[in-house]
Amino acid sequence: MNGINGRQTISSTILYVIMCIAAFLFLFPLLFVFLNSLKPLQDIISHPLSLPKQFLWSNYTNAWKIVNFPLLIRNTFIVTLFSLLGIILFATMVAWWHIRHPSRYSKILTTAIIMSILIPFASIMIPLVQVLGRIGINNTLFGAVLTYWGIGLAFAYFLMRGAVMALPAELEEAAKIDGYGTIPIFFTIVLPLLAPTMMSVLVMDGFWIWNDVMVPLIVINNHALSTIQLGINRLFGMYNSRWEVALPALVLSMIPILVVFIAAQKRIMAGILSGAVKG
Amino acid sequence: MGRGVRQNSMWEHLFFLGPATLLFFIIVFVPFVTGFIHSFSDWNGITKELSFIGLENYKNIFTRQSDFLHTFWFTLRFAIVQVVLVMVIGVALAVVLVMPLRFRDALRASFYLPQTIGGLVLGFIWQFIFINGFPAFGTLFHLDFMQLPWLGTEETAFTALIIVSTWQNVGYVMVIMTAALMGISRDVLESAEIDGAGTFRTLFRIKLPICMPFITVALFWSTANVFKMFELNLSLTKGGPYGSTVSMALGIYNDAFVKNRYGLASAESVIFFLIILIITSIQLFLSRKKEEAYS
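Going down the list, the sequences are from chains A and B.
Counting in this note's numbering, the first sequence tops out at residue 295, every number present.
Counting in this note's numbering, the second sequence tops out at residue 309, every number present.
Heads up, some of the hints might be wrong.
[To be verified] To give an idea of the interface, some chain A residues facing chain B are shown, with a C-beta separation under 10 Å as derived from the structure:
| id | residue |
| --- | --- |
| 1 | A111 |
| 2 | Y121 |
| 3 | S122 |
| 4 | G166 |
| 5 | A170 |
| 6 | F202 |
| 7 | L233 |
| 8 | L266 |
| 9 | I284 |
[Unchecked claim] The following label-pair restraints were derived from C-beta to C-beta distances:
| id | chain 1 | residue 1 | chain 2 | residue 2 | range |
| --- | --- | --- | --- | --- | --- |
| 10 | A | I133 | B | N58 | 29 to 39 Å |
| 11 | A | R150 | B | G152 | 52 to 62 Å |
| 12 | A | I61 | B | L157 | 16 to 26 Å |
| 13 | B | N58 | A | F40 | 45 to 55 Å |
| 14 | A | S74 | B | F29 | 47 to 57 Å |
| 15 | A | S74 | B | I67 | 51 to 61 Å |
| 16 | B | S295 | A | K123 | 19 to 29 Å |
| 17 | B | I67 | A | I151 | 27 to 37 Å |
| 18 | A | I151 | B | R118 | 42 to 52 Å |
| 19 | B | I67 | A | F40 | 54 to 64 Å |
| 20 | A | L207 | B | F299 | 29 to 39 Å |
| 21 | B | L157 | A | M181 | 47 to 57 Å |
| 22 | B | Q161 | A | R150 | 48 to 58 Å |
To be clear, the hints were calculated from the coordinates, so they are not data collected in a lab.
Since we're looking at a predicted model, the values are computed, not measured.
By construction, the Cβ of each residue, glycine as well, lies at the ideal position given by its N, Cα and C atoms.
Sequences and hints are given; from them, build the entire structure.
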């Protein structure tokens with residue numbers, strides 16, 4: 017008995033060491049970029065492996081100014097926030113209504129929305145630009161937000177349908193008997209009960225929208241409306257091989273994500289998990 | 015009374031269904047149909063008039079008058095290699111990380127982290143590593159293969175993309191598989207242990223078959239995801255060298271917005287959609303069959 021335990025401890029220690037090494041190698045690219053971002057350009061190019069002699073934080077202040085970081089963060093934040101709010105609200109509204117009031121129309125719309133999960137963005141992006149132009153909102157942040165509402169709808173709807181089906185209808189019926197109207201019932205009773213599924217949508221779509229390049233690339237031309245991703249992309253076009261500007265900009269662009277991920281790591285993993293398993 | 019209720023509920027219908035219906039129509043349905051119509055024209059995106067040329071665009075695609083077939087073969091080869099790697103490594107990590115190891119959550123988070131950073135940024139990070147980091151490591155440890163011009167030749171650029179894409183996406187498979195493995199009931203594993211099944215036998219004969227639905231979910235996600243590759247492609251290799259690593263999505267983007275061949279790009283979009291549709295349908299069909307076989 018003792019022998020078996022001893023063998024298990026040894027093998028699990030070996031596994032543990034292997035996993036730690038693997039995790040370190042996994043994170044090393046990020047560390048490597050961070051360390052080099054603090055060096056002068058000639059050191060980055062001729063001694064990329066050495067530690068920085070002194071920490072050149074001025075690289076960061078330069079990069080901050082060159083890419084106009086506050087503006088990029090503001091734009092990305094606005095787009096991500098409003099996109100998420102809309103996706104969640106509209107998907108939940110239609111999912112709940114369809115389950116509680118099924119009709120022939122709702123069946124057709126359900127099929128159509130779920131089928132649209134299969135449509136890759138690349139195959140609708142060209143005419144979409146024209147549609148946004150027709151409405152008069154291309155080259156605006158709202159144009160990007162509206163696009164995310166439309167293409168984010170399908171997946172969120174799919175998850176929300178499952179969540180609504182699991183809700184007992186008795187609570188809503190009781191509220192109706194008490195004289196509550198449909199809209200108050202939805203906002204005060206249904207929405208809070210769906211919070212766990214909303215978290216899944218929030219997490220998955222949040223990372224997607226924050227990191228997305230395709231939509232801003234085709235919708236937004238105006239530099240003042242650039243998102244972080246667009247700003248970084250343009251920076252690499254202009255400062256090709258100026259690593260002492262490019263590397264700090266990359267690190268800066270990752271900081272918001274890293275902060276959110278480290279702070280809410282468990283919740284994020286759980287949210288992705290439930291989304292992935294249901295999806 | 016009856017009329018009052020009906021009228022009221024019509025407004026409610028509009029309130030709850032309106033936004034979603036409108037969004038679906040404006041953002042998805044109309045562009046989808048318009049794109050299909052444009053695919054029969056030679057529109058360049060600038061002129062007002064559409065002139066229709068029948069199946070000319072489609073003919074050009076299949077007679078190699080455009081690069082689309084090339085981007086398809088690249089994406090297909092890339093998807094096969096990457097998905098196999100991601101599945102094997104992701105499942106292996108999940109299997110190890112359900113064991114009671116110290117700092118297990120931190121380890122899991124480390125492997126998941128690249129997944130949260132966007133493909134564009136990851137591509138630029140690795141561009142730096144391939145250009146400046148790898149050669150320096152090669153000199154230090156006397157590893158000749160690291161000194162290759164990684165982003166400069168077709169084979170090495172392909173490998174570079176595979177490395178980065180696998181690194182980025184392994185975490186997702188790991189997370190799904192972790193959930194699957196943790197969901198297996200204790201009774202099944204205990205009875206296997208009593209019957210004297212070893213660790214590997216239990217893994218391949220019991221655990222993985224039980225996890226089959228999850229494995230197909232992960233496979234489904236990975237393949238579809240690889241086929242839609244865009245960001246990483248845009249930043250790491252820019253499709254080069256000599257257009258050898260242009261993914262389908264990047265190819266369509268280039269044709270439409272860089273070369274102003276909207277009509278051709280629209281036809282490519284239609285075929286792109288059909289390819290994704292076929293892949294996902296086959297996968298759904300296979301996964302259902304497998305699930306039936308195991309249940």
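These are the hints, each one checked on the structure:
1. A111: holds, 9 Å
2. Y121: This interface hint holds because 8 Å falls under the 10 Å limit.
3. S122: For S122(A), the interface hint holds, since the closest Cβ of chain B sits about 8 Å away, which is under 10 Å.
4. G166: Holds - the Cβ of G166(A) comes within 10 Å of chain B, reaching about 2 Å at its closest.
5. A170: holds, 8 Å
6. F202: Status holds, d = 8 Å.
7. L233: holds, 8 Å
8. L266: holds, 6 Å
9. I284: holds, 8 Å
10. I133(A) / N58(B): 29 to 39 Å: holds, 31 Å
11. R150(A) / G152(B): 52 to 62 Å: holds, 54 Å
12. I61(A) / L157(B): 16 to 26 Å: holds, 20 Å
13. N58(B) / F40(A): 45 to 55 Å: Check passed, 52 Å falls within 45 to 55 Å.
14. S74(A) / F29(B): 47 to 57 Å: holds, 55 Å
15. S74(A) / I67(B): 51 to 61 Å: For S74(A) and I67(B) the Cβ distance comes to about 57 Å; the hint holds.
16. S295(B) / K123(A): 19 to 29 Å: Holds, since S295(B) and K123(A) (Cβ atoms, about 21 Å apart) stay within the stated range.
17. I67(B) / I151(A): 27 to 37 Å: Holds - the Cβ-Cβ distance for I67(B) and I151(A), about 29 Å, lies within 27 to 37 Å.
18. I151(A) / R118(B): 42 to 52 Å: Holds, since I151(A) and R118(B) (Cβ atoms, about 50 Å apart) stay within the stated range.
19. I67(B) / F40(A): 54 to 64 Å: holds, 57 Å
20. L207(A) / F299(B): 29 to 39 Å: About 37 Å separates the Cβ atoms of L207(A) and F299(B), which means 29 to 39 Å holds.
21. L157(B) / M181(A): 47 to 57 Å: holds, 56 Å
22. Q161(B) / R150(A): 48 to 58 Å: holds, 53 Å
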